[in-house]
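**Q** Given these sequences and hints, build the entire structure.
Under our numbering, the sequence shown is numbered contiguously, ending at residue 333.
Hints were generated in silico from the structure; no laboratory data involved. For every residue, glycine included, the Cβ atom is placed at its ideal position computed from N, Cα and C.
Simulated crosslink set (BS3-like; lysine-lysine; CA at most 30 angstroms straight-line): (1) Lys145 x Lys202; (2) Lys54 x Lys41; (3) Lys54 x Lys202; (4) Lys286 x Lys41; (5) Lys202 x Lys287; (6) Lys54 x Lys70; (7) Lys202 x Lys70; (8) Lys41 x Lys145; (9) Lys145 x Lys70.
Taking CB as the label site, the calculated pair distances span: (10) Asp209 x Lys145: 13 to 23 angstroms; (11) Leu16 x Ser294: 48 to 58 angstroms; (12) Glu40 x Gly111: 15 to 25 angstroms.
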Amino acid sequence: MSQENVTLKKELCIDQIFFLHHFAYADDFIPEKECNDFWEFLYVDKGSVDVAAGSDIHTLHKDDIIFHQPGEDHRIHIKGEASPCLIAIGFACASPAMDFFRGRILEIGPSERTLLGNIVQEARLSYASRLDDPSCKNLVRRQEAFVPFGSEQLIQIYLQQLLIQLIRNSSADNAFATIPKSSRKRGEDELFYKIIAYMEDHVHEHLSISQICRDNLIGRSLLQQIFRDNTGYGIIDYFSLMRMNAAKRLIRDGEMNFSQIADHLGYNSIHYFSRQFKKLVLMTPSEYAASIKPAAEPQESSPALPSPAHNHSQNAGHNSPHKDI
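**A** Below is the structure:
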C-alpha cells in the first residue's frame, strides 16, 4: 500500500519585506506623509502617537497596532510629549486573508509582543542596516558568515504567525478576541493635517504666517494655537524644522551639493542655509554629511533584543530624526 501525503495548505504567505524599523522619534522630527504599494503596520511599543490614515485620524497607545493597506496615504504625528517607541514593518502579501486587516487597529497581547520581539531580534542579526532610523528604507544583508543559520526564514515564520494569530483572535467565539478600535475625527486635527500637507507642498518656498492664514482660510491666533497644542512649536518654527528635515533627507540622498540643496529649498544663499542648519541641527551640513556615512557601512553583529517592550536606549542625540533603541 502506498503512503499518501498531504500538501500543506498556506493560508497566508510573506516572501518579501521592504523595511523593518524599531525606533523612537525625537521630539523635533517631523515625519512625512507616505503612500506605499505594499502592506505595512505600525506597533506602539511605548507611549502614544497620532496616525492619519486616509481621511481618518487615530490615537494609538501602547500595544496598539495599525495596518495600512497598499495605496493608503498615512502619516505619523508626534505630540510634544515623551517620544514614543515604535515598530514598523513593510511587507508584500497577496493572500486574500489580508482583507481582514483593511482599516484595522488592534490591541495585541503577550504572545504577539513576543513574536514582534523575535522579529526584531532576528532582523538585527540578519541586516547591517540601521533599524533605528525610520528614514532608512533599504535592508542590507550582513555578510553570511555573521548571520545565524535560518535567521531570515525565522523572520518570515514569526511575521506570518503574528498575522495568523491576529486573525484567529478575532473569532467571534474567542473570549480573548481582539477588538478593533474606533477612529476619531476632530475638526482641529483635520485642519492641522491639512495645513501640514499645505506646508509640505510649499517646503521649497519661504512662507509667512499671513500667507498660510490666507491660503488656508484660518485666523492667525487659531493657527498658532493649533500648532502650539499639537507640536509645542510656533508654526514658523515648525516649518523651519520641516525644511531642515527635507535638507537632511537630500543630504542623505547624496544627489545634490549643499548649494543646490539651499537653492532647492528656497534659501537666499548657501551661507544663510548653513547658519540655519547649524542653529536647528546643532552641526553644519558638512558635519551632518560626515556623521551619516558610518550608517551605510556594514556593521558587526549587535546584541539582539529578547523583547521589543523592554529595550530602549536613552542616549540618542536630541536633534537626530531618531533615537537608538
